[in-house]
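In terms of full-length UniProt numbering, the sequence shown has 208 at position 208, counting the first letter as 1, and numbering is strictly consecutive.
No lab work stands behind these hints: they were computed from the structure. Just so it is clear, the structure is predicted and the values come from calculations on it, not from any experiment. Just so you know, even glycine gets a beta-carbon here, dropped at the ideal spot from N, CA and C. Don't take every hint at face value.
Beta-carbon label-pair distances, calculated as ranges [claimed, not checked]: (1) V66 x T329: 36 to 44 Å; (2) E70 x G148: 18 to 26 Å; (3) T128 x A80: 21 to 29 Å; (4) P124 x E81: 31 to 39 Å; (5) G284 x R76: 40 to 48 Å; (6) R82 x Q270: 15 to 23 Å.
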Amino acid sequence: MGLAPTAMPASPAQATPGGAILADGLDHIGGLTGLTGLTDLPGAGVRPADIATEITRGPLSAPGAVSTAEQREVERYWTAERRDRAFGTHITDRSDATTDAATAAAAPFADDPNPGLSNAPPPPSDGTPYAQGGLVTATTGRLFTTIGGADFACSASVVTSPGRDLVVTAGHCLHGGAGAQFAQRVAFVPGYVDGTMPYGIWTARRLTVTPGWASGSNFDVDAGFALFNTHGGRHLEDVAGAQGITFGLPRTYPQYSFGYPRLLPYDGSQLIYCAGPGSADPYGGPSIRVGCRMTAGASGGPFITGFGRLGPGHGWIDGVVSYAYAGSTSRLYGTHFGDGVKLLYYQSYRL
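Generate the whole structure from the sequences, applying the supplied hints.
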């Protein structure tokens, strides 16, 4: 019997940012140069198209709350009651898998063949509250949106950029996928904990996703970026900090994944993490897999490698939480950042 992936329900500077070239010869942006999505959303996935198409077609974008009046309306809309009621977006269902559940559950994680950027193996976790502190507790937060008239909650992270106002999340947290529209009333609460907003609530001014997600609900490019308005004259990164970002790393590096799952046994009130070796999706495609039991609401949360190398709770984001497979609660999959997402990143902060 085929195993079907299931979506997690979610309970403009022009200068290129500085990049660090590490021993593996790949680009790592942030940290070394001083630069510092599960949700209930519509859209079902299809097998990936040629990733080169993403590079040639470019991203799709839409404006958010631009005027001061629009920003205030979004802030007023997201009352504590609405934030609490927002659905966690589902981890996306990949319906064309051919391997059965028993095979998927038994598939081992690969060993790390190249320790160039690998941090020491992180403490194992398959979905426990994160209590170690550090930058990640401020840069990660809950992302609230309205799609198709319904309110949703995802996870997201501040990522380094020249404009200092960029957040990365899953594409399905910002756009409903094939045949649907961009999200509205997009607001981000970094450092969210138990309903509090220690760094305030921020409104998005521009949303960007890959054409592969917007037109084809393609999980292999299920990534998006949101540019945020300043708040009280301050940039988001100046208030909450930012994680670095990297592209094209081996998926076998140790991974930390973070998010705010909302479905039982979670309630969306705490930052939850999973940690362990990364591996490939046994059904194919470029996604990252980790052992993890996070539920809807964690979509869009960051996969971080080199965790702690840039300081406590600080590393490089190399993917975002995207999907899981129906019938399996012990594995979580993330969109891996390759050339298509790299292009999306550079174009997102220039819009």
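Cross-check of the supplied hints:
Roughly 41 Å separates the CB atoms of V66 and T329, a value that falls within the hinted 36 to 44 Å. For E70 and G148, the hinted distance range of 18 to 26 Å is satisfied, since their beta carbons lie about 20 Å from each other. For T128 and A80, the hinted distance range of 21 to 29 Å is satisfied, since their beta carbons lie about 26 Å from each other. Between P124 and E81, the C-beta spacing of about 37 Å keeps the proposed range 31 to 39 Å intact.
A C-beta distance of roughly 46 Å is found between G284 and R76, which places it inside the suggested range of 40 to 48 Å. Taking 15 to 23 Å as the suggested C-beta distance range, the pair R82 and Q270 conforms, at roughly 19 Å.
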